[in-house]
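Novice: The listed protein sequences derive, respectively, from chains Z and E.
Sequential numbering of the first sequence, starting at 975, is according to the numbering used here.
Sequential numbering of the second sequence, starting at 417, is according to the numbering used here.
Some hints here could point you the wrong way.
Claimed, not checked - The calculated label-pair distances, taken between Cβ atoms and stated as ranges, are: (1) E:Pro-463 <-> Z:Ala-1024: 24 to 32 Å; (2) Z:Leu-1029 <-> E:Ser-576: 34 to 42 Å; (3) E:Ala-532 <-> Z:Asp-1037: 15 to 23 Å; (4) E:Ser-576 <-> Z:Pro-1016: 47 to 55 Å; (5) Z:Leu-1032 <-> E:Ala-532: 23 to 31 Å; (6) E:Met-505 <-> Z:Ala-1024: 33 to 41 Å; (7) Z:Arg-1012 <-> E:Ser-575: 24 to 32 Å; (8) E:Pro-463 <-> Z:Leu-1032: 33 to 41 Å.
It should be emphasised that the hints constitute simulated quantities derived from the structure, not laboratory data.
Backbone N, C-alpha and C fix where the C-beta goes; we use that ideal spot for every residue, glycine too.
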Amino acid sequence: MNRFNSPRTGRTWPITARRAMLLGVLAVAIALGAMSNRLAPPLRAAWREALRPGLQVLSSADDWSSNFRDGLRSTAEQQLVDAQNKISDLTEQLRRRELQIQLARGDRASADNGVQLASTSSAVGDSVKNAADLPPLVNCQTVSARVLGKQAQSFLPPRDLLDVGQSQKITAKSLVIDDVKGGLDHPLLDRGRDADLKADRLVLAGRRVWGKVAEVGPHTSTVLRVGEAGYRDLVQLATERSGRLHFAARGVLVGTGDRLCKIELVETSEPVTIGDLVFTADDGVLDSPLLYGRVARVERKPGAPHWNIWMEPAVSIGRPPSSVAVLQMELNPARFAAGQ
Amino acid sequence: MSPQLLIPITYLAAMLQTWLAARWTAGGAPDLLALTAFAWLVTYGGPRGFILAALVGLVADLNSSAPLGIEMAIYGGVGYGVIWLRRQMNVDRMPAQLGVFWLAITLVTLLAGIVAWCLNPSILSARLLVERTALTGLYTTLAAVPVLMAVGWRRAKRSSGVLVSAAMGR
Chain Z
975 MNRFNSPRTG
985 RTWPITARRA
995 MLLGVLAVAI
1005 ALGAMSNRLA
1015 PPLRAAWREA
1025 LRPGLQVLSS
1035 ADDWSSNFRD
1045 GLRSTAEQQL
1055 VDAQNKISDL
1065 TEQLRRRELQ
1075 IQLARGDRAS
1085 ADNGVQLAST
1095 SSAVGDSVKN
1105 AADLPPLVNC
1115 QTVSARVLGK
1125 QAQSFLPPRD
1135 LLDVGQSQKI
1145 TAKSLVIDDV
1155 KGGLDHPLLD
1165 RGRDADLKAD
1175 RLVLAGRRVW
1185 GKVAEVGPHT
1195 STVLRVGEAG
1205 YRDLVQLATE
1215 RSGRLHFAAR
1225 GVLVGTGDRL
1235 CKIELVETSE
1245 PVTIGDLVFT
1255 ADDGVLDSPL
1265 LYGRVARVER
1275 KPGAPHWNIW
1285 MEPAVSIGRP
1295 PSSVAVLQME
1305 LNPARFAAGQ
Chain E
417 MSPQLLIPIT
427 YLAAMLQTWL
437 AARWTAGGAP
447 DLLALTAFAW
457 LVTYGGPRGF
467 ILAALVGLVA
477 DLNSSAPLGI
487 EMAIYGGVGY
497 GVIWLRRQMN
507 VDRMPAQLGV
517 FWLAITLVTL
527 LAGIVAWCLN
537 PSILSARLLV
547 ERTALTGLYT
557 TLAAVPVLMA
567 VGWRRAKRSS
577 GVLVSAAMGR
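I would like the entire structure built from these sequences, with the hints used as guidance.
Specialist: Pasting the structure below:
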C-alpha cells in the first residue's frame, strides 16, 4: 500500500483506492473549475437541450391541469352567468306582462268611458304608416313604478339625501328650502334616477295620462298630476264618429288645481263639443296618442277668438292608481345601426 | 438498487428542479439532486458510491450558473464522508439514515453557500446563508422521508423473502 507523508504534521496516511478516487474526483472538479469559462457554455447548452423534452412534457401537463381547473371553474361561473341571465330575462318578461296588464286595464277603463282605443290605434296607425318606411329615430319605453302612499311618504323624507355638496358650495347648517310647490302633496313614485327617470316624462295609468314626473330623486320621484296647477301640455281633441276617431283641434292643457282643467288656445273656428276626447298631441314618437280626458264643458264668449274648454281628466285626482308606467324616450339604435 | 437506475432518476430530479425553481418563491426549497444523490448513497451506496454522488454534483453544476466543478467536489467530498459514517455506525434504521442524510444535505448546502459567498460576497450574507442552509436541509430531509420509508419497506420485504426461501431450503 502506498503512503502519503504529510510534510506539515509528519503524519502518514495510507493512500487507499477510495482515497485515490476521491483525490481524482477533486482533481477533475478543480480542472473543470479551471476550464469553466470555456467548458461551461457548451456543456450547459447541451444539458438544457437534453432537459428540454422533459420540461416540455411537464409544461404540457401543467397547462392541461390548469385548463382542467379553469374548465371546472368556468363551468361553474358560466352556470352562474346563465342563471343570472335567465333571471334577468324572466324579470324583463314579468315587467312586460305587468305593463300589458296595465295597458289592458287602461283599455277597459277607456272603453268604459266610450273610447275605443283599438280603433284609435288603427286610425292613427294608418296615418303614420305612410311616413314610417324608416325605423323611428326615437323609441318609447315604459318604466313601471309604484305610487307610494302617505305612510311610505312619511317614512322616506328623514332619509333623504341631497345630491349637492361642497362642489356647489354647500356647507354644514345651510338652510334647505323646499322649492316644490305643494311639497309632499305630490304623489311619490318608488323609482328615481336609479331607473333613469327624468323630469317632464309622462306618467301613465294604463293608456291614460296621470301626470308628469316633476322631480327626480335618487330612488323616488314626484308626479305633477294633470289637473294640478302648473301642469301644461300640448293636446289634441278628437271626435268619435262611427267607431273611428277624427282628430281636429289642438290646444294647450293647463292645470288649474280644480277638478276640471282648462284647454286653451283652441280657435273658435274648430268644432268642439262636450264629450270630445282629449289626447296627447302627436309628436311623431308614439304609435298612438294617450288619453288625457274628456271635454266636460265648453264656452264661447262673443267675439273671443278661442274656446273656453274644461276637461275632466281620465284619471281622477281623488283616486290615484296603485302602479303606473313612466314613458321614457331613447334614440333608436336600429336607426344608427342602419347608418341612417 | 442498480446504479444505472440513478441516471433516469437524476434526469427526472434535474428536470423537476429546473421546472420548480421558477415556482418556488419561498426562501428555501428541497434540493432534489442532493436528495437523489444522498438518499441513494445512504441506502444503497457502496464503497465507491461517492463517485456517483460526484457525478450527480456535476449535473447540479450544469443546472446552476456557478463555475463548474464546485458542486461536483462538494458532492464527492460529502459523499465520501457519508460512506465513512456508514462504516462507523449502523445506518440500517430509518432515524439513523435520516440523521446522516440531514447532515449530508446541510453540509452540501452550507459548503455550496460558503463557496458562492467566497466567489461573490455581495450576493449572500451570513444570516441568509444560515437560513437557507437550515431551510434546505429541513425541506430536503422531509422530502426524503417517504423515499427512505419506501426503500426500507422494499428491503424488509426482500429480506423476509430471502429468509422464507432459506427456511424452506431453497
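Novice: Determine for every hint whether it applies to the structure shown.
Specialist: Against the structure, the hints:
no., hint, result
1, E:Pro-463 <-> Z:Ala-1024: 24 to 32 Å, "holds, 30 Å"
2, Z:Leu-1029 <-> E:Ser-576: 34 to 42 Å, "holds, 41 Å"
3, E:Ala-532 <-> Z:Asp-1037: 15 to 23 Å, "violated, 34 Å"
4, E:Ser-576 <-> Z:Pro-1016: 47 to 55 Å, "holds, 50 Å"
5, Z:Leu-1032 <-> E:Ala-532: 23 to 31 Å, "holds, 27 Å"
6, E:Met-505 <-> Z:Ala-1024: 33 to 41 Å, "holds, 38 Å"
7, Z:Arg-1012 <-> E:Ser-575: 24 to 32 Å, "violated, 50 Å"
8, E:Pro-463 <-> Z:Leu-1032: 33 to 41 Å, "holds, 36 Å"
Of the numbered hints given earlier, the model fails hints 3 and 7; all others are met.
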